[in-house]
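Q: Okay, here's what each chain looks like letter by letter:
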Amino acid sequence: MLLQEKYPEEIKGILARFPHKKSAVLPLMHLAQEAYGFTSREAMQEVAQILDLDPTHVLSLAGFYTLYYEEPVGKFVLEVCNDLACALRGADEFVQMASRKLDIPVDGTTNDGLFTLKTVMCLAACDRAPMLQCNLKFEEHLDEAKFDALISRLRAEAAAEKAEPSIVEQISAFAK
Amino acid sequence: MSDQVNLTIDGVELSVPNGTLVVDAAKMIENPIPVFCYHPKMAPVGMCRMCLVEIGLPVRDRNSGEPVLNDDGTPQVSFRGLQTACTVQVSEGMVVRTTTEVVTKAREDVIEFLLTSHPLDCPICDKGGECPLQNLTMEHGKGTSRMDYSLKMKLDKHVPLGELIYLDRERCIQCGRCVRFQEEIVDDPVIRFHNRGRSLEIVTMSDPGFDSYWSGNTTDICPVGALTTADFRFGARPWELTPVATLSPHCPSGANMTFSTRREAKSGGRSVIKRIMPRQNEPVNEIWISDRDRFVHHFADAPDRLKKPLMRKNGQLVEVEWGEALDAVAGKLQQSGTAVAGLSGDRVSNEDMFLFQKLFRQGLKSHNIDLANRRLAGGDVVAKVGISQGSNLLNLGQGDAIVVIASDLHEEVPVWWLRVKQAAQRGAELVILNLRPTRLDECSRNVIHYQPGQAIATLRQLVNDAKVAAADADNSPIKAAADVIMQANNVVAFYGAEGLTYAETDAVARLLANLLLIKNEEAYAGRPNNGLIPVWPHNNTQGAWDMGIHPALEPGYKPAAKPGMRANEVYAAAQTGALKALFLLAADPIGDGLMAGRGQLDFLVVQELFLTETAAQADVVLPAQSWAEREGTFTSGERRVQRYYPAIQPVGEARPDWQILAQIGERVGLEKPAFAASLVFRDLAKAVPQYKGMDYRALARVEKQWPDVGGDDLYYGGNAYENRVGLGMQWPAAAESGAVDHFEVADVDSELPGKVVVVRTAALFTPGTLINHTELLQARMAQPTLIIQAADAAKLQLAQGEKVMVEVAGRGVETAVRLSEDTPEGVALLRGVPYQAGLTELKVMG
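Protein chains in written order, with the working numbering: chain A, 1 to 176; chain B, 177 to 1022.
Everything labelled a hint here was simulated from the structure, so no lab data went into it. What you are looking at is a predicted structure, and each value in this text was computed from that prediction instead of being measured. Note that beta-carbon positions come from the ideal geometry of N, C-alpha and C, so glycine has one too. Check before you lean on any hint, since a few could be wrong.
To be verified - Computed beta-carbon distance windows for the label pairs:
id, chain 1, residue 1, chain 2, residue 2, range
1, A, 45, B, 975, 18 to 26 Å
2, B, 328, A, 64, 17 to 25 Å
3, B, 328, A, 90, 29 to 37 Å
4, A, 176, B, 1017, 54 to 62 Å
5, A, 64, B, 265, 24 to 32 Å
6, A, 64, B, 178, 39 to 47 Å
7, A, 64, B, 319, 31 to 39 Å
8, B, 178, A, 176, 54 to 62 Å
Generate the whole structure from the sequences, applying the supplied hints.
A: In structure tokens:
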């Protein structure tokens, strides 16, 4: 019941936006992912319960969309685009560099639980490659120095326990 | 617009109903277009692309709208590339080409593509031999692949979707038939796709996994070996299997099924039942069976079956020869004069029941004959206003109404639940009258939950409201329901026994009959797709009524001149000594809590499959053959008489029930036993006027059914689907041939026995002698549960999950308390416990 404890107002707001409860499943899954850290079995059960859906339906959506993580991830998920256009602009080398710096393989999570590194298909920012999205926020025109700066900033944010994760902000805005 | 559309497929001109899909039109002229994802019972999705064909439409002049003709006067046709035949509806003048080079090439490519992810492990695959993918690859595949074998996906091959169904991820071709079946047909969407592309797999999150009473059907419609049942998995190769037609031995729907048998060395050369699959009978069960029908067959081959007659000697039951046992039974029954009684179970065949009552009525001159456990009354009412001949629940839809009272069809007769639900989806209005919410409620706009003890009063109100015009009455939900019924074109009414006594079910049947007769000359009763359907507790309760297993009704509903004792009177008389000898045919009244013990009986004979509690106390135990070993007929709740056939050799020295009864009959002065069940049926068809014109040959008649799912082309795989040996025959209700009077309804006042009343509710997997022999289902058995709302629980000081002993049918049963606000106030539902009639007081034992 983590989701309902943590985001009761947001859930109410989201449900009010749709004529059918079922339609609220995707935003609720985002919230559940924040509450539970990933779309765990419990998270999906809870979403299903709120929306009167079969939990298998929620699981199926979690599998279909790549932004739902069915395994635990770090506080910040760094998703580097290495599709063709980005690769031509050095995305692959960038991923290798990031992997080395964070000392994790692709799809790995740092021991402090802060960072998960992933590669993804096109994020529609080919002209600004290498680029990545960090918890849905784009970081563009990257190089090694900018990556170091990004990591330092994120570490500092985490240390200061600053603000809500961006997805919750976005969903809250949507739910108003 | 005309209802028929003319088109041409591969040069063959045909006319089909408007709205027909191209793929079905082709099947109608036996020019099947290969498919994987398409299934005629489900909406098309066009996912697999196997059915690509060239479709051309006539060219019309833009200005005049007239067809443009070629020089030779034929209409000009414009082809627009390949289209999926499963998603395109026919239209006037359409030309379909399925044999051109471009179509052939497309099929080759689709097969090649599907096989890139397929392991080709046919030699160890359960589907190999009846596999649409295998067959269509042989027919339409190129035989080679451009795919590098080392690039094949390696995926899990033994993924349990629960303990009943296994998934082989490599074999799955992602057609989605199983997912669509669960969602579209049976509304249990507990399996779904997960991930995408080559990572796609079928998953379930229900607890237990794949939690549906219909899960086995997905293995039938799976066009590859991806889904298999734990029961049949690695059990046999399809080409070794012999199909033998049979019927559900549990269900009053009369579901048609097929045994697949094989002779096995490890069973000493005996034929063994390897699996059960549905057999097509569109008016009965279409091509679906519940998991109970599919998996509960192991009792037939169980090691604890009775194999030889047993007789009590010096206090012990010892094995004897048949002659000795039969002589003893005949002798003892005759010595007891008229102080004898015969009670039958409602699972045995019509032939058995007919000879059973004949033994008593003609052989022993006694009318003390009854069902051992009579739960639902109204057989005599059904004989007059039962659902008419030629009815098919598939025909009900928009403008029709279906009434369900005192029954949870989903748990009692899943096939009827499915067909009623589908009728509602087609637009039929459901009127549901129950004590508590059931699953059908969600399909109905007219749900009435009556108070405990108010079933009759509520139904009486409904019938009275139906008699008055809409404006003259208040706008209560009952009046609204009555209006729905009176405005319907067709009305079918189901009635059950939940929370009702036997006498109350009789009143229910009569009131419903009066509802069906209300319009007098234009009564619903007597017309096709109208009438009463009793939700009988067992597969052949209807047959028991027809055969005169009733103290006051002889075969064919002929009133007995001098009615005998009813079952409860027999049980009482056994205790007092008024009854000397009792014959129990496939019944276990001591185990069911109906009879305290053998009491003062001089002689107790039990004819059974197993050494039941009652049999253990008997003087003679006669081993009977199960339904898998012999032939016979059952009559369904829709009064359809159907045959079943012998599939395996008899166990031990067991004999068919009818034969044993005939051999006893001969010893008490009746004629010599018939040689075959068919001859017994011939005799009973003479004695039962309703069965006139029926014989084994007529019952075995088949006609072509649509959709065409059987056949040698293996379009849908396997040799089990096709119905080759009988669709059965319905017998006519009296209302079909003449007017039927309205029924007198006795006042049945039921007083509430306590502040909180107990209602025993049905569960499909309720423990019982037959189902307990299927190891596979044990984890799904309905556990004894007491379901009660929180407020009542608080008053009784019961807590969620607490174990309490409650009295059920005179015995203590340990149940777990479950709190549910769906339960009405003042009611405790008991699930997963033996049958108990009516409303009883909640007795929590210390």
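Q: The structure should be examined with respect to each hint, and the outcome stated for every one.
A: Outcome of the hint check:
One distance hint, 18 to 26 Å for the beta-carbon pair residue 45/A and residue 975/B, holds here, with the actual separation near 24 Å. Roughly 24 Å separates the CB atoms of residue 328/B and residue 64/A, a value that falls within the hinted 17 to 25 Å. Evaluation of the 29 to 37 Å hint for residue 328/B and residue 90/A yields a pass: the beta carbon distance comes to about 33 Å. A beta carbon spacing of about 56 Å between residue 176/A and residue 1017/B agrees with the range 54 to 62 Å that was offered as a hint.
The hint said 24 to 32 Å for the Cβ distance between residue 64/A and residue 265/B, and at roughly 30 Å that hint holds. For the pair residue 64/A and residue 178/B, the supplied restraint of 39 to 47 Å holds, since their beta-carbon distance comes to about 43 Å. Hint check: residue 64/A to residue 319/B, Cβ distance near 35 Å, so the stated range 31 to 39 Å holds. Taking 54 to 62 Å as the suggested C-beta distance range, the pair residue 178/B and residue 176/A conforms, at roughly 56 Å.
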